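Engineer: Chain residues, written in single-letter form:
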Amino acid sequence: MEILQKVSDSLLGLKNKKPLVHHITNYVTVNDCANITLAIGASPVMADDIGEVEEMVSFASSLVLNIGTLNSRSIESMVAVGKKAKARGIPIVFDPVGVGATSLRTATAKRIIEEVGPSVIRGNMSEMKILAGLNADIKGVDSIADEVDGEKVARQLSKKLGCVIAITGKQDVIAQGDRVCLIDNGHPILSQVTGTGCMATSLIACFCGASEDWFLGAVSGVMTMGLAGELAQQSLQAGEGIGTFRARLFDAVWAMTPEIMRKGGSITNE
Amino acid sequence: MEILQKVSDSLLGLKNKKPLVHHITNYVTVNDCANITLAIGASPVMADDIGEVEEMVSFASSLVLNIGTLNSRSIESMVAVGKKAKARGIPIVFDPVGVGATSLRTATAKRIIEEVGPSVIRGNMSEMKILAGLNADIKGVDSIADEVDGEKVARQLSKKLGCVIAITGKQDVIAQGDRVCLIDNGHPILSQVTGTGCMATSLIACFCGASEDWFLGAVSGVMTMGLAGELAQQSLQAGEGIGTFRARLFDAVWAMTPEIMRKGGSITNE
Amino acid sequence: MEILQKVSDSLLGLKNKKPLVHHITNYVTVNDCANITLAIGASPVMADDIGEVEEMVSFASSLVLNIGTLNSRSIESMVAVGKKAKARGIPIVFDPVGVGATSLRTATAKRIIEEVGPSVIRGNMSEMKILAGLNADIKGVDSIADEVDGEKVARQLSKKLGCVIAITGKQDVIAQGDRVCLIDNGHPILSQVTGTGCMATSLIACFCGASEDWFLGAVSGVMTMGLAGELAQQSLQAGEGIGTFRARLFDAVWAMTPEIMRKGGSITNE
Numbered sequence: 001m002e003i004l005q006k007v008s009d010s011l012l013g014l015k016n017k018k019p020l021v022h023h024i025t026n027y028v029t030v031n032d033c034a035n036i037t038l039a040i041g042a043s044p045v046m047a048d049d050i051g052e053v054e055e056m057v058s059f060a061s062s063l064v065l066n067i068g069t070l071n072s073r074s075i076e077s078m079v080a081v082g083k084k085a086k087a088r089g090i091p092i093v094f095d096p097v098g099v100g101a102t103s104l105r106t107a108t109a110k111r112i113i114e115e116v117g118p119s120v121i122r123g124n125m126s127e128m129k130i131l132a133g134l135n136a137d138i139k140g141v142d143s144i145a146d147e148v149d150g151e152k153v154a155r156q157l158s159k160k161l162g163c164v165i166a167i168t169g170k171q172d173v174i175a176q177g178d179r180v181c182l183i184d185n186g187h188p189i190l191s192q193v194t195g196t197g198c199m200a201t202s203l204i205a206c207f208c209g210a211s212e213d214w215f216l217g218a219v220s221g222v223m224t225m226g227l228a229g230e231l232a233q234q235s236l237q238a239g240e241g242i243g244t245f246r247a248r249l250f251d252a253v254w255a256m257t258p259e260i261m262r263k264g265g266s267i268t269n270e
Numbered sequence: 001m002e003i004l005q006k007v008s009d010s011l012l013g014l015k016n017k018k019p020l021v022h023h024i025t026n027y028v029t030v031n032d033c034a035n036i037t038l039a040i041g042a043s044p045v046m047a048d049d050i051g052e053v054e055e056m057v058s059f060a061s062s063l064v065l066n067i068g069t070l071n072s073r074s075i076e077s078m079v080a081v082g083k084k085a086k087a088r089g090i091p092i093v094f095d096p097v098g099v100g101a102t103s104l105r106t107a108t109a110k111r112i113i114e115e116v117g118p119s120v121i122r123g124n125m126s127e128m129k130i131l132a133g134l135n136a137d138i139k140g141v142d143s144i145a146d147e148v149d150g151e152k153v154a155r156q157l158s159k160k161l162g163c164v165i166a167i168t169g170k171q172d173v174i175a176q177g178d179r180v181c182l183i184d185n186g187h188p189i190l191s192q193v194t195g196t197g198c199m200a201t202s203l204i205a206c207f208c209g210a211s212e213d214w215f216l217g218a219v220s221g222v223m224t225m226g227l228a229g230e231l232a233q234q235s236l237q238a239g240e241g242i243g244t245f246r247a248r249l250f251d252a253v254w255a256m257t258p259e260i261m262r263k264g265g266s267i268t269n270e
Numbered sequence: 001m002e003i004l005q006k007v008s009d010s011l012l013g014l015k016n017k018k019p020l021v022h023h024i025t026n027y028v029t030v031n032d033c034a035n036i037t038l039a040i041g042a043s044p045v046m047a048d049d050i051g052e053v054e055e056m057v058s059f060a061s062s063l064v065l066n067i068g069t070l071n072s073r074s075i076e077s078m079v080a081v082g083k084k085a086k087a088r089g090i091p092i093v094f095d096p097v098g099v100g101a102t103s104l105r106t107a108t109a110k111r112i113i114e115e116v117g118p119s120v121i122r123g124n125m126s127e128m129k130i131l132a133g134l135n136a137d138i139k140g141v142d143s144i145a146d147e148v149d150g151e152k153v154a155r156q157l158s159k160k161l162g163c164v165i166a167i168t169g170k171q172d173v174i175a176q177g178d179r180v181c182l183i184d185n186g187h188p189i190l191s192q193v194t195g196t197g198c199m200a201t202s203l204i205a206c207f208c209g210a211s212e213d214w215f216l217g218a219v220s221g222v223m224t225m226g227l228a229g230e231l232a233q234q235s236l237q238a239g240e241g242i243g244t245f246r247a248r249l250f251d252a253v254w255a256m257t258p259e260i261m262r263k264g265g266s267i268t269n270e
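Line by line, the protein sequences are chains S, Y and H.
For what it's worth, this note's numbering labels the leading residue of the first sequence as 1, then goes sequentially.
For what it's worth, this note's numbering labels the leading residue of the second sequence as 1, then goes sequentially.
For what it's worth, this note's numbering labels the leading residue of the third sequence as 1, then goes sequentially.
If you are wondering where the hints come from, they were derived from the structure by calculation, not from laboratory data.
As the structure is a computational prediction, the values presented were derived from the model and not from experiment.
Treat the hints with care, as some may be off.
No copy labels: a pair is met if it fits in one copy or bridges any two.
Claimed, not checked - DSSO-like, lysine-lysine: derived pairs with alpha carbons at most 30 Å apart:
no. : residue 1 : residue 2
1   : K18       : K83
2   : K110      : K84
3   : K110      : K159
4   : K6        : K159
5   : K15       : K170
6   : K160      : K6
Please model the complete structure; the sequences and the hints are all you need to start from.
Structural biologist: Here's what the structure looks like:
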């Protein structure tokens, strides 16, 4: 079956199951993550206290771990809830925000990879190069790495870590071993809004929470974000800018259908 | 006096007094709670450190306690600030988000009820059934309980806890002992945006902070949210969805007038 | 060179350098601060754990310290990161939210001023009067002080603390010793949205991160916020209100150009 058909079917599966997605994420974009989860048809829960995370994740269909504003308290909760999710066999989507920028972030990412074992890792090229042990220029949490060799980095990292790798950027690359998809949806304006990376991670968790094929879940989540970005940008009238774009981005995810996916999706399935 | 007349008068009282509403709430929807408080004409303050909450609440006209992202630090602050508010005699509006989902939430809700004694509790039917000691299916923080017997649950819980009970759902039920109102405003789209429950709680605190009748404050806050949701939904044009709806929801609360309330309000006063 | 020309040139400098602005700020408006930073053309990073803040700020071009939801953990991080920023010589923009409302806030502001030494302090008139040791009525975090003598307060406080003082209100006053600017941009609707003060602080840090003249940076940041507020308000159609205004505010900052600044700016350079 063609990849776009599979992706559009996965949207139906998501809307049918309405998976509960447990997040431990940053306080900058947490509201956006909750709203994008609702917009696509899943249900968000945000809980981060060590005294309840293992119990809360026992209801969930998938888990997001995002280290955007990590702290000593949330790191322990992430590891504990990640282990519980792993024991339950639900997908764990890890967003290593700013890995490489500080040693705390690098050590935490390493710890989550080793002690938890994420199912999917989504990040930008700078972050992924750091995880792959390659040199990368880092400045804060935004990527400044060039994007050549994305496919090679994704493939190698996927084999090394035994999980799905999703590198988002001008062209997105999703890899699971030698299974690779390139996605050409998206628009540069997405990088001018905070949280579009975090929201892509949440969308991946929404799709993975309703599918057994986590590679497909990652492709579906990333493509949904890119396509919604394109549609939101195209809707802008004269005088409208980034604030209006942000509202329309949620409109577009909320209105996403299998037909829109099949018509607008741009995936190269290698 | 007819209930809709009282509700619309309470809006004038709120705008005249501009009450300061102290919140300890979750980091997912805290920005929405601050903005809805401003939109209706009150003034929000968010402070949660144990070192200042009792001093901060001494200026406030009402207090919101919301356990959406509770943690060991904020729980102690909630109890301390709640006791101080109680001693001052100002209304305390409690939102037991996700009670029943984890034992930490259930124990915290019980502790706030016993040690603080809220003036108003607002929640969905699942949460309220848990508080009432009834069986309820819980999955995360969204309600999946059916809504029959809402009136009975509200009335019993109000008598048991000695406070106003506001159960929001398809039909909202507000009870204070045998005083009961049913509200038929609202629209299903409200459940597709995060924070509409939290914002209803904030609105209740805004109205209660300007009135001595906390039952009326609860009715006014819940009706305002429902009616604003209807008006925002009706304003949507082709192609507009949940992101635009969210902006319009704030527009509608901001534009609320006694006239709009009397014309659009749908309250059955039993 | 005329002040409006300098201000509009500073926007070009900002867009050219794209400074990284490290924030430790409150969880109420942090998303707005990140988005306004992106909208003007800078890059935000929010990190507050004591284990990484000094390392993170070593990449940054400027630092924001905002005590809106201070806590015992974040206060220590603010002092540590502030000292590091000071040692690096990058500008530190301090927003003493609610100083005077609680002794914790007053003590923390005093500590940041003494131990860190901010480059710019932005606040409302109540907050600035407290810092200046004058009597001021405080109720929560919004200003209720009258605004006469703003110029005198700003000038004295600037000399006392050896930094740039930006007092925002109906008329904004920026002072660095005897160098004073009065800004008449802005609109009352800005006070009906949470975070417009915090965002003005972030914009100051964006401009200061790309300029060696921090007085000019403060003037540019405050004027940008006020002018964007005017333009956003003017764009409102019938039936649109505060929610739509908020989206347009980001549109207006994103669309800001040197020409718009020179045409719409209203600065008295004393």
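Engineer: If a hint holds in the structure, say so; if it doesn't, say that too.
Structural biologist: Tested hints:
no., hint, in the structure
1, K18 <-> K83, "within (23 Å within a copy, 40 Å between copies)"
2, K110 <-> K84, "both (18 Å within a copy, 27 Å between copies)"
3, K110 <-> K159, "within (16 Å within a copy, 49 Å between copies)"
4, K6 <-> K159, "within (24 Å within a copy, 54 Å between copies)"
5, K15 <-> K170, "both (28 Å within a copy, 21 Å between copies)"
6, K160 <-> K6, "within (27 Å within a copy, 53 Å between copies)"
When the structure is compared with the earlier hints, no violation turns up for any of them.
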